[in-house]
Amino acid sequence: MKFLVLIHVLSAIIGVGPTFFAHVLYRPKQTVNELRQSAKLAGLLEFFPKIGGTIAVLSGLLLFWLGEYGTFTQLWLLGSLILYVLIQIVVIALATPPAKKLAQWLADPANKHHQDTLPEAPKQLLRQVNNLFYVATSMGTLLFIFMILKP
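Quick note, the sequence shown lines up with residues 236 to 386 if you use the numbering used here.
Rather than coming from a laboratory, the hints here were simulated on the basis of the structure. Among the clues, some could well be false.
Lysine to aspartate or glutamate pairs mimicking DMTMM-like chemistry, simulated, CA-CA at most 25 Å apart [said to hold, decoys possible]:
no.: 1; residue 1: Lys-336; residue 2: Glu-281
no.: 2; residue 1: Lys-264; residue 2: Glu-281
no.: 3; residue 1: Lys-335; residue 2: Asp-351
no.: 4; residue 1: Lys-275; residue 2: Glu-355
no.: 5; residue 1: Lys-264; residue 2: Asp-351
no.: 6; residue 1: Lys-275; residue 2: Asp-343
no.: 7; residue 1: Lys-335; residue 2: Glu-269
no.: 8; residue 1: Lys-358; residue 2: Glu-269
no.: 9; residue 1: Lys-336; residue 2: Glu-269
no.: 10; residue 1: Lys-347; residue 2: Glu-269
no.: 11; residue 1: Lys-385; residue 2: Glu-303
no.: 12; residue 1: Lys-335; residue 2: Glu-355
no.: 13; residue 1: Lys-285; residue 2: Asp-351
no.: 14; residue 1: Lys-264; residue 2: Glu-355
no.: 15; residue 1: Lys-336; residue 2: Asp-351
no.: 16; residue 1: Lys-336; residue 2: Glu-355
Work out the full structure, taking the sequences as your base and the hints as a guide.
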């Protein structure tokens with residue numbers, strides 16, 4: 236059982252952890268060239284939430300079924316699952332599409348002449364992505380609080 240807890244905790248950290256780095260990668264006050272590099276790094280980090288997050292949910296459900304945690308409707312347990320799903324929705328459904336549009340703009344050879352400042356349209360995408368990652372990070376922090384303070 237301790238091994239399963241270890242797998243669950245590590246996969247949760249690996250799965251949700253990259254969300255906390257998004258604020259560095261999508262910070263508004265960087266040059267276009269810095270943002271190009273940040274977008275590439277963000278693309279590499281997408282792998283971890285997909286794998287780690289899936290393992291975290293499956294191992295969490297397995298821990299619940301194998302352990303004695305009480306009813307499934309407890310705030311910390313049900314709240315954690317709901318928060319995880321909401322984080323996935325915010326990151327995958329809401330933040331990823333504008334992040335991909337921004338990455339396409341950054342990669343477009345027609346925009347290579349932009350070195351220092353972003354035009355207004357990609358700047359709005361950057362703000363939108365950054366704000367959504369703040370929402371996801373807030374929920375991720377609450378998720379970890381639920382997991383740490385559980386009864």
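Going through the hints against the structure:
1. Lys-336 x Glu-281: 15 Å, holds
2. Lys-264 x Glu-281: It holds: about 22 Å lies between the C-alpha atoms, which stays within 25 Å.
3. Lys-335 x Asp-351: 20 Å, holds
4. Lys-275 x Glu-355: At roughly 21 Å apart (the allowed maximum being 25 Å), Glu-355 and Lys-275 satisfy the hint.
5. Lys-264 x Asp-351: 10 Å, holds
6. Lys-275 x Asp-343: At roughly 14 Å apart (the allowed maximum being 25 Å), Asp-343 and Lys-275 satisfy the hint.
7. Lys-335 x Glu-269: Roughly 16 Å between the alpha carbons, so the hint for Lys-335 and Glu-269 holds.
8. Lys-358 x Glu-269: Status holds; Cα separation ~14 Å.
9. Lys-336 x Glu-269: The hint holds at about 17 Å.
10. Lys-347 x Glu-269: Status holds; Cα separation ~13 Å.
11. Lys-385 x Glu-303: Holds: Lys-385 and Glu-303 sit about 13 Å apart, inside 25 Å.
12. Lys-335 x Glu-355: Given that 25 Å is the threshold and the Cα spacing comes to 17 Å, the pair holds.
13. Lys-285 x Asp-351: 33 Å, violated
14. Lys-264 x Glu-355: 14 Å, holds
15. Lys-336 x Asp-351: 19 Å, holds
16. Lys-336 x Glu-355: Distance of about 14 Å is within 25 Å: holds.
Going through the hint list in order, the structure does not satisfy hint 13, though it satisfies all others.
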